[in-house]
Amino acid sequence: MKRTSAIAMAMSGDAPALAASDGSANTPLEIQNVQIDGGVAESVIAEKKIGERIKHLRLKKSMGLVELGRHTGLSASFLSQLETGRVVPTLRNLARIAMVFSKDLSYFFEAEPQTLFRVHRRKERVRMPQTGVDDPTYFFESLGYLVPDRQLDPYFAEFLPAKPGRVPRAHQHEGCEFLYLLSGMLDVKHGETTHRIEAGDALYFDANTKHSYVCPGDVPAQAVIVSLQHPLSHQLVNSMRPVSSTNGRPRGEAPVAMHGKIARSG
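Quick note on numbering: the sequence shown equals residues -19 to -1, 1 to 247 in mature numbering (1 follows the signal peptide of the UniProt record, and there is no 0).
The hints are simulated quantities; they were obtained by calculation from the structure and are not laboratory data. Treat the hints with care, as some may be off.
The list that follows gives simulated cross-link-like pairs (lysine-lysine, PhoX-like), each with its CA atoms no further than 20 angstroms apart [unchecked claim]:
(1) K191 x K170
(2) K41 x K30
(3) K84 x K30
(4) K36 x K84
(5) K144 x K170
(6) K42 x K30
(7) K84 x K42
(8) K41 x K84
With these hints in hand, go ahead and build the complete structure from the sequences.
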């Protein structure tokens, strides 16, 4: 019999596991006339790291063992033993836990997800010019090109000193943009307002508004830029926020004038 088949039968909701919630042991187990070695069951449980996955879900929700016990009907002591691998859960108990965290039961038996980690070597990056112009005012390098389905786009940008008569090309895109100036000076025009920033200053602004950059100094300005596209519109997000009964503006939301603020290095 395959180990996975053995553990599936050992964890069936109608049969006892290696250790029940009352602490009683059942080794070896006999289920439907099939004898299962408790050591094999424990080995498969450890291999799938079920206890660690339960603990990860619980801590991610900032939930204590007592609170999880209230939601599942299981005791805190039993859940603690479950997380440390000292007891084997039944499928029925796993299903209760999975429902609390809106997970499918298969979550506990799937292959261990690979943690996302990518290194972008400086020598491997490609320097690209500003698009849409014959005489670019800045060059940029993607800092996230190796990340598939990335949710944000980080760049290293170098802005060249301004030339007489050259008008910067404004652009706009969905979402927000963050800019941290590493060196030099930069004039960032956002809408009809121009902001002068210096090394150490940071900007966070609505990228749906047209914006452009000009380097007013004699040396290039260097910056790290991160753009993030919102899957939801601002209107939808705002409609989901609780509204204060005093001024009609969602609690915790800054007035519109706060958009495009500069964080000074100080």
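Going down the list of hints, with the structure as the test:
| no. | hint | in the structure |
| --- | --- | --- |
| 1 | K191 x K170 | holds (8 angstroms) |
| 2 | K41 x K30 | holds (16 angstroms) |
| 3 | K84 x K30 | holds (16 angstroms) |
| 4 | K36 x K84 | holds (14 angstroms) |
| 5 | K144 x K170 | holds (17 angstroms) |
| 6 | K42 x K30 | holds (19 angstroms) |
| 7 | K84 x K42 | holds (13 angstroms) |
| 8 | K41 x K84 | holds (13 angstroms) |
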